[in-house]
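Order-wise, the sequence lines are chains A and B. Position 229 (the first sequence) corresponds to 229 in my numbering; numbering is contiguous. Basically my numbering = 1-based index in the second sequence + 258.
Keep in mind the hints are simulated off the structure, nothing from the lab. Note that CB positions come from ideal geometry on N, CA and C, so glycine has one too. Just so you know, not all the hints are guaranteed correct.
Short, incomplete list of chain B residues facing chain A, as computed with Cβ under 8 Å [stated by the list, open to error]:
1. Q380
2. R385
3. G388
4. N390
5. V478
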Amino acid sequence: MTHVSVAKDSVPAADELVVLSSVNKHFGALHVLQDIDLTITRGEVLVVIGPSGSGKSTLCRTINRLETIDSGSITIDGKALPAEGKALARLRADVGMVFQSFNLFAHKTVLENVTLGQLKVRRTDKKAAEKKARELLDRVGVASQADKYPAQLSGGQQQRVAIARALAMGPKVMLFDEPTSALDPEMINEVLEVMQQLARDGMTMVVVTHEMGFARSAANRVVFMADGRIVEEATPDQFFSNPRSDRAKDFLSKILHH
Amino acid sequence: MFDFLDGYDVLGAFWKTIQLTFFSAVGSLIWGTLLAAMRVSPVPLMRGFGTVYVNVVRNIPLSVIIVFTSLGLADVFSVTMGAGGDVATLAFRLSVLGLTAYTSAFVCEAVRSGINTVHLGQAEAARAIGLNFFQVLTLIVLPQAFRAVIGPLANVLIALTKNTTVAAAIGVAEAAYLMKKMIENEAQTILIGLVFAFGFVVLTLPMGLFLNWLGKRLAVKR
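Only chain A is shown next, with the shape it has when bound in the complex (with noise of 0.2 Å):
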């Protein structure tokens, strides 16, 4: 240390990426997030589980303000998040986003899907949009598929479009909303293998999943919800061989032991 550090709290700390501190959501009287405190460093990979209706996927909707919040406040390299508008859509452009249900354009072929926010959003020229879309299908390798339309896709070949379309923007952060949930077991490596490559590529991720096989490789961290709280936050080779509370002790004991 050769320089006096300032007050922590007056500015953040150059690798905190994602900041959540006491977060609080509703759908009507069910009490989805409560009190969430989370701070996601840059490069990290969080892994975030915990049983249905934990509150673990409106979280990870929370970050781009999929789902608005009732108190508390989010901040994403240091600046709050936007209510509306332009300066939300911005933000927006920076958050890279897969859906459980892939949600590609189904109008669209697949290099239109991943051209489409380069065009319209970073008014990037055509030709350096579609360079970009190739190498990006290329890297997840379904390149051979680019003139095709979502619908004639496998659904691991849709997620895997779905992750180059959210990497052409060049995000500063991948949310994953149960990227594995809604495919045919043979289909969840080829999407994990392309998850898995961009944590080596030192990609800032939130992963929401039910794959514990991931949870132990990849992330740098587990977070473990239940009913609207954070109830444990651990390495994963703490959390899976030695979880604190019984909670998670309960639910590790229902997955892995069958």
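With chain A fixed as given, assemble chain B onto it according to the hints.
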């Protein structure tokens, strides 16, 4: 057998019908789509306006709307529609205005039902890559919505074509206007009726067949 047609410009009258249909169709597709966009917009005022407009306009008889454009807009409020005192042009433009206002309500509801067929995830994915509300609507939602409602829109356009006959009420010299005149002057009333019925079928049948074909061709596979 068709001597009674001599001296009457039947084709000219149908040409007027086609013109009325064309301009009203273009107008109501644009205004109806804008109304549908208002009805799904996040702005309460726009949603409210769209809802009130549709529910008021579609429940008023078209003849009342057309007569109002003439007796109300033109005679009372002196709206000239840029016709420069030419009575026939004024009546034509007022009819297009009335037909557009009326048909838009039905176009709006057809398009809105199309919007409802588009999976919510499509709009979410579009927002997630940073598209704004207008882009989400015009690039992702409406293109898929239109493909889903080409069939219902064909119904609306066929109804519009036949509804243009109401313009006769304010003196637009279209097909129904001529038919009425011929029935007054000629003896072959049934034949006259058949000729005009045939004329409308010739206009609307290909329209329906073409749009059905287009709907199948453009259907979005899911």
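Verification of the hints:
1. Q380: OK, holds: Q380 (chain B) within 8 Å of chain A, min 6 Å.
2. R385: For R385 (chain B), the interface hint holds, since the closest Cβ of chain A sits about 6 Å away, which is under 8 Å.
3. G388: holds, 3 Å
4. N390: holds, 5 Å
5. V478: Since chain A brings a Cβ to about 5 Å from V478 (chain B), closer than 8 Å, the hint holds.
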